[in-house]
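*Asks:* The primary structure of each chain is shown beneath.
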Amino acid sequence: AQSVTQLDSQVPVFEEAPVELRCNYSSSVSVYLFWYVQYPNQGLQLLLKYLSGSTLVKGINGFEAEFNKSQTSFHLRKPSVHISDTAEYFCAVSEKTSYDKVIFGPGTSLSVIP
Amino acid sequence: DAGVTQSPTHLIKTRGQQVTLRCSPKSGHDTVSWYQQALGQGPQFIFQYYEEEERQRGNFPDRFSGHQFPNYSSELNVNALLLGDSALYLCASSLKRFTDTQYFGPGTRLTVL
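Protein chains in written order, with the numbering used here: chain A, 1 to 114; chain B, 1 to 113.
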């Protein structure tokens, strides 16, 4: 069965500093990978997704992620964070053989400090 | 273009009661998925509807059921509510192939007392 691990439950970072949010997954088959952001009292918004092709994926708001198949990782990065990036970030995976079902990680709370 | 809408925004029920949550997908989308998000956790997949049929289901008991209407809108029904059913219920819509982007609604906050 597929699963998603987000190693850091909380990540505090100063404004304009770089940040990396870690995500590892487990699956016996090929997968699609996603990062979502959730602002307080709102639904989820897709930041970026990896379906195939280039392992470096660029998303909205200056975020990017790199798919590493050998390490089964899909870490999210941003070179310079802003106060407005404070939110909950979720990594998610779906198996290519069953793309209807998505498994989310427990989330990482990013707090940007002025 | 309206995005995904859900109603009601908040709901308070007591144990044993039944509840119905509603979702209208983004214009042009024909697939609706439902998720349960407990406080401090990631969303958990409940089920997905396409062409008015349940296409996939997560690890949720039969107390959780759904329906999709010809206009693609959907309902989530939960019977015999338990305290543990208290959560944010999210609806997401997409086109037939899930690999298309899922658009999430703002959710319905259900509190069971």
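Everything labelled a hint here was simulated from the structure, so no lab data went into it. Computed from a predicted model, the values in this text were never measured in an experiment. Don't take every hint at face value.
One-sided excerpt, in silico: chain A residues whose CB lies under 7 Å from chain B [as the list claims (entries may be wrong)]:
1. ALA1
2. VAL29
3. TYR39
4. LYS101
Derived list of chain A stretches under chain B, where covered just means 3 residues or more per stretch with a C-beta under 8 Å from a C-beta of chain B [as the list claims (entries may be wrong)]:
5. 10-19
6. 44-50
Listed next, the in silico DSS-like pairs over lysine-lysine satisfying Cα-Cα at most 27 Å (straight line) [stated by the list, open to error]:
7. LYS101(A) - LYS96(B)
8. LYS58(A) - LYS69(A)
9. LYS96(A) - LYS58(A)
10. LYS101(A) - LYS49(A)
11. LYS58(A) - LYS13(B)
12. LYS101(A) - LYS69(A)
13. LYS58(A) - LYS101(A)
14. LYS49(A) - LYS13(B)
15. LYS49(A) - LYS69(A)
16. LYS96(A) - LYS96(B)
17. LYS49(A) - LYS96(A)
18. LYS96(A) - LYS69(A)
Positions of the beta carbon are idealized from the N, C-alpha and C atoms, including for glycine.
*Asks:* If a hint holds in the structure, say so; if it does not, say that too.
*Replies:* For each hint, the structure was consulted:
no., hint, result
1, ALA1, "violated, 10 Å"
2, VAL29, "violated, 14 Å"
3, TYR39, "violated, 10 Å"
4, LYS101, "holds, 5 Å"
5, 10-19, "violated (count 0)"
6, 44-50, "holds (count 4)"
7, LYS101(A) - LYS96(B), "holds, 13 Å"
8, LYS58(A) - LYS69(A), "holds, 17 Å"
9, LYS96(A) - LYS58(A), "holds, 21 Å"
10, LYS101(A) - LYS49(A), "holds, 15 Å"
11, LYS58(A) - LYS13(B), "violated, 43 Å"
12, LYS101(A) - LYS69(A), "holds, 20 Å"
13, LYS58(A) - LYS101(A), "holds, 24 Å"
14, LYS49(A) - LYS13(B), "violated, 37 Å"
15, LYS49(A) - LYS69(A), "holds, 15 Å"
16, LYS96(A) - LYS96(B), "holds, 14 Å"
17, LYS49(A) - LYS96(A), "holds, 13 Å"
18, LYS96(A) - LYS69(A), "holds, 14 Å"
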